[in-house]
Amino acid sequence: MSSTAESAARPQSEKKLEQVESVVIRFCGDSGDGMQLVGTQFTNVSAAFGNDVSTLPDFPAEIRAPVGTPAGVSGFQLHFSSHDIFTPGDEVDTLVAMNPAALKTNIGDLRRGGTLIVNEDEFDKSNLQKAGYTTNPLDSEDIISKYTVHRVPMTRLNRDAVAGLGLSQKEVDRSRNIFALGLVYWLYDRDPKPTQQFLNDKFKKKPEVLEANIRALQAGTNYGFSTEAFTTHYQVPRARLAPGKYRKIAGNEATAWGLATAAHLAGKTLFFAGYPITPASDILHQLSNMKNFGVKTFQAEDEIAAMAAVCGAAFAGQIAVTASSGPGICLKGEAMGLGFMTELPMIIIDVQRGGPSTGLPTKTEQSDLLLAMFGRNGDSPLPILAACSPGDCFTLVQEAVRIAVEFMTPVIFLTDGYIANGAEPWRIPKFADLQPIQVTHPQGKLSSGQFEPETNGQATNGNGEGEHKFLAYQRNDKMARPWAIPGTPGLEHRIGGLEKADITGNVDYSPLNHHKMVNNRVNKVAGIANHIPLQEVVGPATGKLLVLSWGGTFGAVRTAVENCLAQGKSVAHAHLRYMNPFPRNLGEILKNYEQVLIPELNTGQLRLLVRAKYLVDAQGLNKIYGKPFLVHELVRKIDEMLESK
Amino acid sequence: MSTEALNPTLPILTAKDFASDQEIRWCPRCGDYSILAQVKKVLPTLGIPREKFVFVSGIGCSSRFPYYMNTYGFHSIHGRAPAIASGVKISRPDLQVWVITGDGDALSIGGNHLMHMLRRNMGLKVILFNNRIYGLTKGQYSPTSPVGQVTYSTPVGSIDNPLSPLCYAIGSEATFVARSVDVDIKHLTFVLERAAHHEGTAFVEVYQDCNIFNHDAFLYATDKTVKADNIVYLEHGKPLVFGKDVKKGIRLNGMHPEIVELGKGVNEDDLLFHDEKAAEPSLAFLLSRMRYPEFPEPMGIFREVSAPIYDQCVTEQIDAEIKKKGVGDFDNLFNSGDTWTVE
Ligand code: SF4
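These protein sequence lines map, in sequence, to chains A and B.
Going by the working numbering, the letters in the first sequence line up with residues 1 to 645, in that order.
Going by the working numbering, the letters in the second sequence line up with residues 1 to 343, in that order.
You may find that some hints are simply not true.
The calculated lysine-lysine pairs, modelled on DSS-like cross-linking and capped at a C-alpha distance of 27 angstroms, are [what the hints assert, rightly or not]:
| id | chain 1 | residue 1 | chain 2 | residue 2 |
| --- | --- | --- | --- | --- |
| 1 | A | Lys206 | B | Lys324 |
| 2 | B | Lys40 | A | Lys268 |
| 3 | B | Lys40 | A | Lys469 |
No lab work stands behind these hints: they were computed from the structure.
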């Protein structure tokens, strides 16, 4: 292997090396072409080099759509930069298209003057036909005049490079993606070593396949180096991120780590129950691989059972969590109501995707906010938190756990397909610096047979026999009831979905008690507003326009507002992470601006809530393409609103 | 469990210790009372401290059960008790968790959860109160109501083909399957005791009289004048004999059971011998298919076999992973993979 490692050293190019600030590159091809793999490799290499990165993987909904058709196209977009970036980029600078279908579905996003690299060998009659082309688009004036086109015979060149290893044609062609990767590594002056290492690990047991991939990577690089078509290559310098040690993190990974961390900070076991669903399954996968952290995972028979098991685990004293997406959350509604009624701490994660119904399973959307707010029978508000970026999932899910155990309530944690699958650099925290989470369980009988006098929820039953009865619904200053767990002697008690009497927790249907208990539960959740941070605003404290956003649109909105602020426009940005209850100063903030814009990837769900609660005439920018906002779309809307007044 | 029973430091408990202070709200003469009484009788014999018991139920008349037990209890939502109990048991394998359910709760709305709870074989103890009717919602037919039954929702008779809870349980790979009847106190106590001692999931069907909406549905199995001909008690290693004078038996004819008279050229050795430990569930399934009036209905333990126990496996896997990888360290985790430093 040492000989291949040597030969893979970067050739010293005679060609022009230009510095650029940032680049957006997109790899696209058939879902079997390994586009996610090369995209991830490019991201890792760029992040490790020190660029800021932001990614947008784009999968087809069908696992194996017919090869070569637009339905089967898979893509991976990466923005890497020498300054802070918040989005995967509006327009693509360099598009790598492995077949005609990929070209067809992606060319619209390539900026005028951008670089188009195609695998020319795949542009044969049959593939053109499958993509719906009648003539070869690479010959069309439209494409030639708009872009710098590189027609690379990748299949052929890769076969030449990999020849003689005794692999079948099919196996040989599987390394075409690595050839393409090698070429763009040259184009952007990337260090191939981490990828060589990755290949070494991945194909340890298949030396021929390893050799093929190493050769393919090198051949791609050599091609860029030697062919005359490429005259220049580019360098994107390191970003000036805050000092510290970094790694790349994706949203689902961050959520899983955050959950395990929170449980550990609380001194408890994490119990996670889930049912496979796109795009949330990765959380189940990640946690299932963390058994040595004491994490218990349970793949339930359905979404309902996963939620029900979480209720049981919460009763049993664990940090109990489930994760799903919209359709699964619908099924969980009943047991979430039980969790709310029994006032047990638990976390329900909704990685939102395009809805309604099965909708767009692999695409992003923000359309479950109202489901999270109102998707249960009776008056049953739940606290809702929404993460704003992949890394934020780690931090905010810990906050969700803190609220759940402190207030004895289920908490909904919203992310979306975009931040769940997207990745960004993450400054690695030290575990010791993280905030511990306080959990108290009332203790039962002391060894003397007496009860602890100060124990929350403990009192005599007043029958004069000196018998103690545990008071399961006696509340503390936060209106939380005690979390007494099975196995504690003397605190045996019964909970359930039927209305319970205030303080004692006995079944009680009386009108005044019900009125009181409904209000207790509602007020408890509303009162959380007093224990969360105030809403922050970026930009002037008063002005013409406030842009109010939430969840995964943070990056695009922040970038748009910063661009506008740099041009001296009177615009500010408030990004919500606490969706219920809202931060207690939100009403004040809204009054400080002449206009309010709420951009959302839905038809206006936050807008409905804000208008109802604060009586503000907020305007919407609503896009339901299954894709994140582009910065220029937001800037255009901001300009339009500023000009209208 | 048995070692705990011998522990002299444990307080001696009685049935009274398991009674909660709540007023029982079942209809007078409901079969549920007897089942509650027998459970209270069995628990103190197990040598398990009271705080280690958890009763989980769904929705229905029988599901009020946990409120009447002075243990930890969770009265939940319709059909979901198996899933909730699974959450409790995986979290805390040290607890003895009982699931209280009914024919509608377990077999209709909760059918899916029941199947998966059974096949996973957690150490749960399940009592299915089968009264062949929806009682709490005031009298609609259930998945165990016979064809032709007239109820509020089947005014001209039910056309739904009923199923047997035990067939379902055996088909779902249950490792302990038994049947008893509410009024046969001795037998019920015996079956519940056996269930409590089974290591994996124990499933017990109890014929329960709904005095209001389906009274005497099980008269054939409880009336002293006829029951000897209509039920057959299962005893491990013993032939299946029944009838007033114990003159009748069950013989296998190929794959089919048949009723034979003892004496006339037939002796006990020709009969079907019960084997509750049979590794294959075929015999238990065959027995579970025997229905009145064609056959006497078997009572007792149909099957008790041992198999890996889910909640224990969860713990074992965690221990094995810790042994292999070491106790998880968050700083190591965060710093794993490609990292880089910004000065
Ligand atoms: S309705 Fe039937 S099952 Fe329900 S409590 Fe009354 S008698 Fe018992």
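Cross-check of the supplied hints:
1. For the suggested pair Lys206/A and Lys324/B, the alpha carbons sit about 25 angstroms apart, so the restraint of at most 27 angstroms is met.
2. A C-alpha spacing of about 33 angstroms is found between Lys40/B and Lys268/A, which places the hinted pair above 27 angstroms, so the restraint is violated.
3. Annotation: proposed proximity of Lys40/B to Lys469/A holds, straight-line Cα distance about 20 angstroms (limit 27 angstroms).
Violated hints amount to a single one, hint 2; each of the other numbered hints is respected by the structure.
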